[in-house]
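Chemist: Take a look at the letters that make up each chain.
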Amino acid sequence: MKLALRTGTDLKLLPHIFMTFLKIGPSTFGGGYAMIAIIEREIVEHRGWMQPEEMGDMVSIAGSAPGGVAVNSAAYIGYRLGGVPGALAAVIGITLPTTAIVLLLSLAYSLFQGNPKVEAALKGIHAGVVALILLAGWKMVRSSLFDGLTYALCALALGLLLFTPLHSIWLILGGPLVGAVVVGVRRMKQLDIHTEPEKQADEPDELLPEYYI
Amino acid sequence: MLGELFVLFFKIGCMAFGGGYAVMSLIQRDVAAMGWMDAGAFQQIGSLAGMAPGSIATNSATLIGYHQAGISGALMATAGIVLPSLLLVAGLAAFFVRVHDHVYVRSIFYGLRPVVTALIIYAAVHFGFGSQLQSGKGFSWDTLGLLLIVGGCLLAIIRYKWHPFVVLLLSAAAGIVLF
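So the sequences go chain by chain: C and Z.
For the first sequence, this note's numbering assigns the number 1 to the initial residue and increments by one for each residue that follows.
For the second sequence, this note's numbering assigns the number 1001 to the initial residue and increments by one for each residue that follows.
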């Protein structure tokens, strides 16, 4: 195993890392793979900071770790380029513009708060966001539910969320536990193990990415 | 208050599997449990957060922090929700962990993804209709308008592949007409 723990960070690189992710930040609207494409263009093609082969590792880590894929990708690339200071520079760079934009948006809204037209527009946007959430949910249903256990787990989790005050942490810990136990038992009995849906050749790639929003 | 904000969002950041939408339900529940915000106020914040670029969860954290304690609150909440990702991803990057190669790592995600799916569906229900359910008014013009716009947006995105931002702008316009 190769360790990438760096002894000396090239401090001159930090402003570049910061500025690059500062520029990427505002374009992360909607998240997901659109953003991965932008990062790939900027980091791999423009700057040559990473080999194209490493993108796959980055996407799998950024998508699996908790948090948004944009921030996770920034942390990964920043760390590979400049250790902990690099990761910090990249994450602050990508977060700062969106933080500023959302604060400005909220300030603008508070100026017009009480105006019936603005309130109505926000209600409309609320509905639009609900639609985006539903769409992400539907894509997750299609990409992550494929056998009896996954359907049952999802239904059980949804029931617990809707009808009990159980904290989500128990679901987030319980789901993986069930998965690990089931796979472990199947392994002992030497049964087939499928942890992901079988991909059909004609299936478009855009099905999975919603997990990464 | 600043410490409370940081700790709450740091905890949420640690559980933020599946990114933005799945985390919205976590935030809504925890913030309500702290007594900081009811469903109606959270709907406003979530709508503004969804309009801005970046993750809707991080943006919501920023706005809740701002709502509770001004600019420093916004920064604390944002730092809190982002820090767990930063630490974990930097750690994984350091050791070149190929997360998806090991069968037990795969089995963890096998069990986790259905839960994330449930969290996202629940987020749609809770964020979408939480304040209606809370007020107990039942079916009203607001609910009907909401359903109409949701339907229209789904049609525009699935059928006509419009960009989400365009869809949000149009739903704002539809809101002005309907409400």
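These are computed hints drawn from the structure, not numbers from a lab.
From the three backbone atoms N, C-alpha and C, an ideal C-beta is built for every residue, glycine too.
A couple of the hints might just be wrong.
[What the hints assert, rightly or not] No more than 30 Å apart at the CA atoms, straight line, and that leaves these computed lysine-lysine pairs for BS3-like:
(1) Z:LYS1161 / C:LYS23
(2) C:LYS117 / Z:LYS1011
(3) Z:LYS1161 / C:LYS117
(4) Z:LYS1011 / C:LYS23
(5) C:LYS23 / C:LYS12
(6) C:LYS189 / Z:LYS1161
[To be verified] Restraint-style ranges between C-beta atoms, simulated for each label pair:
(7) Z:TRP1162 / C:LEU104: 21 to 27 Å
(8) Z:ASP1142 / C:HIS194: 42 to 48 Å
(9) C:LEU107 / Z:LEU1087: 30 to 36 Å
(10) C:ARG187 / Z:ASP1142: 30 to 36 Å
(11) C:ALA152 / Z:SER1072: 41 to 47 Å
(12) Z:GLY1070 / C:ILE169: 26 to 32 Å
(13) C:LYS117 / Z:ILE1158: 51 to 57 Å
(14) C:LEU13 / Z:LEU1147: 47 to 53 Å
(15) Z:LEU1147 / C:GLU45: 41 to 47 Å
(16) Z:ALA1033 / C:HIS16: 25 to 31 Å
(17) C:ARG187 / Z:GLY1040: 48 to 54 Å
(18) Z:ASP1142 / C:GLU53: 30 to 36 Å
(19) C:VAL181 / Z:LYS1161: 23 to 29 Å
[What the hints assert, rightly or not] Residues of chain Z placed beyond 12 Å of chain C at every Cβ, according to the derived structure:
(20) LEU1002
(21) GLY1003
(22) GLY1035
(23) TRP1036
(24) ASP1038
(25) ILE1045
(26) LEU1112
(27) PHE1139
(28) ASP1142
(29) CYS1153
Chemist: Is the Cα-Cα distance between LYS117 of chain C and LYS1011 of chain Z 30 Å or less?
Modeler: Not satisfied, since the Cα-Cα distance of roughly 37 Å exceeds 30 Å.
Chemist: Would you say ILE1045 of chain Z is clear of chain C, with no C-beta pair closer than or equal to 12 Å?
Modeler: Not fine: 8 Å to the nearest Cβ puts ILE1045 of chain Z too close to chain C.
Chemist: Quick one: work out the minimum CB distance from TRP1036 of chain Z to chain C and report holds if it exceeds 12 Å, violated otherwise.
Modeler: holds, 16 Å
Chemist: For the hint 42 to 48 Å, verify it against the beta carbon of ASP1142 of chain Z and that of HIS194 of chain C.
Modeler: holds, 44 Å
Chemist: For the pair supplied as a hint, LYS1161 of chain Z and LYS23 of chain C, is the alpha-carbon distance within the 30 Å limit?
Modeler: holds, 26 Å
Chemist: Assuming the hint says 48 to 54 Å, is it satisfied by the Cβ distance from ARG187 of chain C to GLY1040 of chain Z or not?
Modeler: Given about 49 Å between the Cβ atoms, the range holds.
Chemist: Against the 30 Å threshold, does the CA-CA distance of LYS189 of chain C and LYS1161 of chain Z hold or violate the hint?
Modeler: Since the Cα atoms of LYS189 of chain C and LYS1161 of chain Z sit roughly 46 Å apart, the hinted pair is violated (cutoff 30 Å).
Chemist: Holds or violated: 47 to 53 Å for the Cβ distance of LEU13 of chain C and LEU1147 of chain Z?
Modeler: holds, 51 Å
Chemist: According to the definition I'm using, a residue is off the interface if its beta carbon is farther than 12 Å from all beta carbons of the partner; does LEU1112 of chain Z meet that for chain C?
Modeler: Not fine: 5 Å to the nearest Cβ puts LEU1112 of chain Z too close to chain C.
Chemist: Has the hinted range 25 to 31 Å been met by the Cβ atoms of ALA1033 of chain Z and HIS16 of chain C?
Modeler: violated, 43 Å
Chemist: Please confirm whether CYS1153 of chain Z is truly not at the interface, meaning its C-beta sits more than 12 Å away from all C-beta atoms of chain C.
Modeler: violated, 3 Å
Chemist: A cut-off of 12 Å on Cβ-Cβ distance, and ASP1038 of chain Z was said to be off the interface with chain C. Does that hold?
Modeler: holds, 15 Å
Hints 2, 6, 10, 13, 16, 18, 19, 25, 26, 28 and 29 from the earlier list are contradicted by this structure; the remaining hints agree with it.
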